[in-house]
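> Chains as they are written, first to last, in this note's numbering: chain X, 1 to 108; chain P, 1 to 883.
Please note: incorrect hints may appear among the correct ones.
Each computed SDA-like pair below joins lysine to any residue, with the alpha-carbon atoms no more than 20 Å apart [unchecked claim]:
| no. | chain 1 | residue 1 | chain 2 | residue 2 |
| --- | --- | --- | --- | --- |
| 1 | P | K331 | P | A141 |
| 2 | X | K76 | P | Q69 |
| 3 | P | K64 | X | R18 |
| 4 | X | K63 | P | Q19 |
| 5 | X | K63 | P | S30 |
| 6 | X | K76 | X | W66 |
| 7 | X | K63 | X | E79 |
| 8 | P | K786 | P | T477 |
| 9 | X | K76 | X | G29 |
| 10 | X | K76 | P | M24 |
| 11 | X | K63 | P | E26 |
| 12 | X | K76 | P | E66 |
| 13 | P | K179 | P | A734 |
| 14 | X | K63 | P | R22 |
| 15 | X | K76 | P | Y60 |
| 16 | P | K745 | P | S526 |
| 17 | X | K63 | P | E66 |
| 18 | X | K76 | P | R22 |
| 19 | X | K63 | P | V21 |
| 20 | X | K76 | P | S30 |
| 21 | P | K428 | P | N127 |
| 22 | X | K76 | P | Q19 |
| 23 | P | K786 | P | R383 |
| 24 | P | K64 | X | L12 |
| 25 | P | K64 | X | I44 |
| 26 | P | K64 | X | D65 |
| 27 | X | K76 | P | E23 |
| 28 | P | K786 | P | A799 |
| 29 | P | K567 | P | E719 |
| 30 | X | K63 | P | E23 |
| 31 | P | K64 | X | I37 |
Hints in this document: simulated from the structure, not taken from any laboratory.
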Amino acid sequence: MTIQAQLLPGTLDLLILRAVSLGPLHGYGVLLRIEQISGGALLIEQGALYPGLFRLIRQGLLKADWGISENNRRAKFYELTTAGRKRLREETESWNRLATAMASALGS
Amino acid sequence: MKLFDSLRSLVTVLFRRSQMVREMDEELHSHIEHRADDLERTGLPRREAERRARVEFGGYQRFKEESRQALGGNFGETVVQDVRFSLRGLRKSPGFTIAAVLTLALAIGANAVVFSVLNAFIIRPLNVPNAESLYGLWRIATNDMAESYPDYLDLRARNHSFEDLVAYNIAQAGLDTGKDPYRSWIEEASGNYFDALGLQPYIGRFFHASDEHGPNSAPYIVLTYAFWHSYFQEDRTVVGRVVQLNKHPFTIIGVASPEFHGTLSFFNPDYFVPMVNHPQFDESDMNARGDRWIFMTLGHLKAGVTEAQAIADLNSIGAELGRAYPKEDSKMNFKLARPSLYGDYLGRPVLAFMTGLMLLSGLILLAACANLGSLFAARAADRSREVALRLALGSSRTRILRSIFTEAVLISLAGGAIGLSGSIVLLKQLSVWQPIDRWPLHLAVTPDAKVYGVALLLSLVSGFLFGAVPVRQILRTNPYEVVKSGASGRIGRRFSLRDLLLILQVAICAVLITSSIVAVRGLARSMHNNFGFELQNTMLVETELNMAGYRGDDVPPMQKRMIDAVKEIPGVESEGLADQVPLGDAQADSYVFTDDTSELKHSNAAAHALMFKISPEYFQAAGTALLSGRAFTWHDDEDSPRVAVVNRQLARKIFGSEAKAMDGYFKMPSGTRIQVVGIAEDGKYGSLTEDPRPVMFLPILQSPSNTAYLVIRSSRDPEQLATAIRRTIRQIDAALPVYVQTRYKAMDAFLFAPRMATISLGVLGVLGAMLSVTGIFGMAAFAVSKRLREFGIRIALGAQRTEVLHAALGRTFGLLAFGSVVGLLLGLAAGKVLAFIVYQATPWDPIVLTGVVLAMLLLGLVASWIPARRALDTDPLILLREE
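Next comes chain X alone, as it looks inside the complex (with noise of 0.2 Å):
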């Protein structure tokens, strides 16, 4: 089992954007996808995911649409808007700078 970080405040949003960004996402897949891409790495409790969607959504960053799911269900997928794309690109490299800046930073 590898071992899971606490989510830095402030990032779920970055995830949630990211994880929508690879293709329209009901919220359960949107949790599957982060958990996915971040290699089972990092741990976000399930409920906490809804406010993070609609805090977006009322930014107008992400777009939503009832569908059908794949297991047959009623469920919301949602999507970026250009806003969301926009943002997405700009927070990615802030973060990319940071990152980088504080791992030169400890790493010397």
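Using the hints provided, position chain P relative to the given structure of chain X.
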């Protein structure tokens, strides 16, 4: 913007709320189902998989709540939620809700009434354009606003400070429109009156300065709207009609607008007539500079003129007039006064009284808040398990506090609404009420926007005030403790906020009860006081012979005819006649001089004496004791030497002692020598609270008067007697309006202030008592319910009833006693203030003291009866089994 957003989200939420919540639920459930599907695939049975999925999901309600907040619209939504939640909570405890709402309704209603009256008299300006620059002329030396007509004309012509000066006088006149003669109240106004005040007529026209062409030149009438409505039924054809005033033809030329009834705030005359026609209404000499018959002179200050400049201007005119007419116009110094309440004369007592009342009703509201605060605290304590549970389930403290405040504000708004509607009903009644039968006085106290605003504000403030009481309690709640051990933790803390509130409340109540008992006692005593005349079995008949056209030499024979005719009425024991009566409408007065004074100017006067002109049998009829000497006879007429009866005070003032006064002489300002033939007892003449005043009685035949009161002593039923008197006088002259009332009723004007004070204090006292009862009840009930289990154990262990009672209510009674003592002491201090309004109000009276103690004791007993029964009836078996 934030507010706009909130409002928009509130509206959206109201419409889309249920749909949103449904969707959110569906989505979250869908998540759990998906998770369960996955778990099922790993081999778990479906039910177990669903259970696991729910557990993994975490606090469903919490995330749902957070999601909703994240979506926005949380402001509006939580308000709606809070309101619904509170309403549900309040519905569950109707007793608490009704008690709280009624308590507040009473307190806010009382405040709204008091504030309306304050608003009507003090705050709201007169209903004329630019009322803020309108000032009346106040004479400092005589301390009134009266002027003579020539002085008024000079002041008007010579001043540079006022736009224009107008004058008016209040008088009575007999109005004859072909119906019964009607005794009407009029304002004689200067010709420029309406124009200078900037008024427009409702119909017809006003009279103007251009209508004045010397004495009796303008026989015009302008009706007030109210009189036009009540007497002429709003008949528009009345304009142009000729009616008889005091037997003189006058033409009705117009009706004033409904809002205008003169510039004296509570006085409502029937109509206005031009002042130049004064000789037709009064025998006083219109053109005598010394005869100050004008009631008030007033005008708008010119723009840019300060009060000080205007006063300096007036004073310099006064000085000029003083030099030109040293005898009449000496000491003409002015200040400016607000006309609506006759300057400070009524303004100050009304302001003082209303401020006092406002303060008291504010205290009542505070007591109500204290009461509700402790009710709320008790409720919060009762609900501490619920609160703890909510906290444990993840509700935030702010959210719980918010729901408490919502509850408080809901209650306060409901209470405010009910209180305000009650007060509106009461104020409507008050507005049509005529407090003093004889005078056209109305208290126009209908509430306006300001009153509604204040009521709303008070409601909100009090809601937050009592809502804040349980805050600390909730913030301190430790959910684990409470859930584990039950709510009955902390007792026996030495002193809590709730105790303080109760003491405060009891003290306020005790102050009110003390002052109302003091007022009632004072009032009762003042009715049994010696006034220098009898109140019992006395009737007063007011006649003004001028109204039926009698003048000069016709007057005395007519008055004699009336006296003789009334004497024939069965049951009349004695009757006299006087131009004015003590404690009546008005008093004539004069300076008097010792016989050896040669220069008869004011500064040399021996006394300033009231003057009553009376018929021979007056003393007997009025019940005034003649201490020595003789009363007058019908032979004390114009042909015989001038004589007077003086009261003890005047005898002492002029002659040094009563013994020296008999048969001695004194002088009037005219130089007339008058011999004292009798000495009468002192009495009350101008007010109930006055110090002894010097008074002289003169024979009416030696100084005739058109105005006369018949004073009739009879033990017959007043109603019957009044009818008989009216019939008798109508037989003598059908055109003479008469006004018959008992001597008691005639005192109304003097008892008005103390009665109002007593009633107000009484009402507030009762309110205070009710609040105290509920407050003490709440406290005692709370104390008992908290310790019921302990009492059960005590009783089971063999405690005596008295011991249980002591344990249950000892603290409450201790607080009650302490509060009462504080209140009583404050009340004793307040009694001193009260003595200015209510004659002989003194708190140092055994009846007052025992009354207060008994009342407070009674309150305590009533309030703690039920809790005490509950404590005593505790059945240890049931209790111990239950817990």
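> Hint numbers the structure violates, sorted upward?
3 and 31
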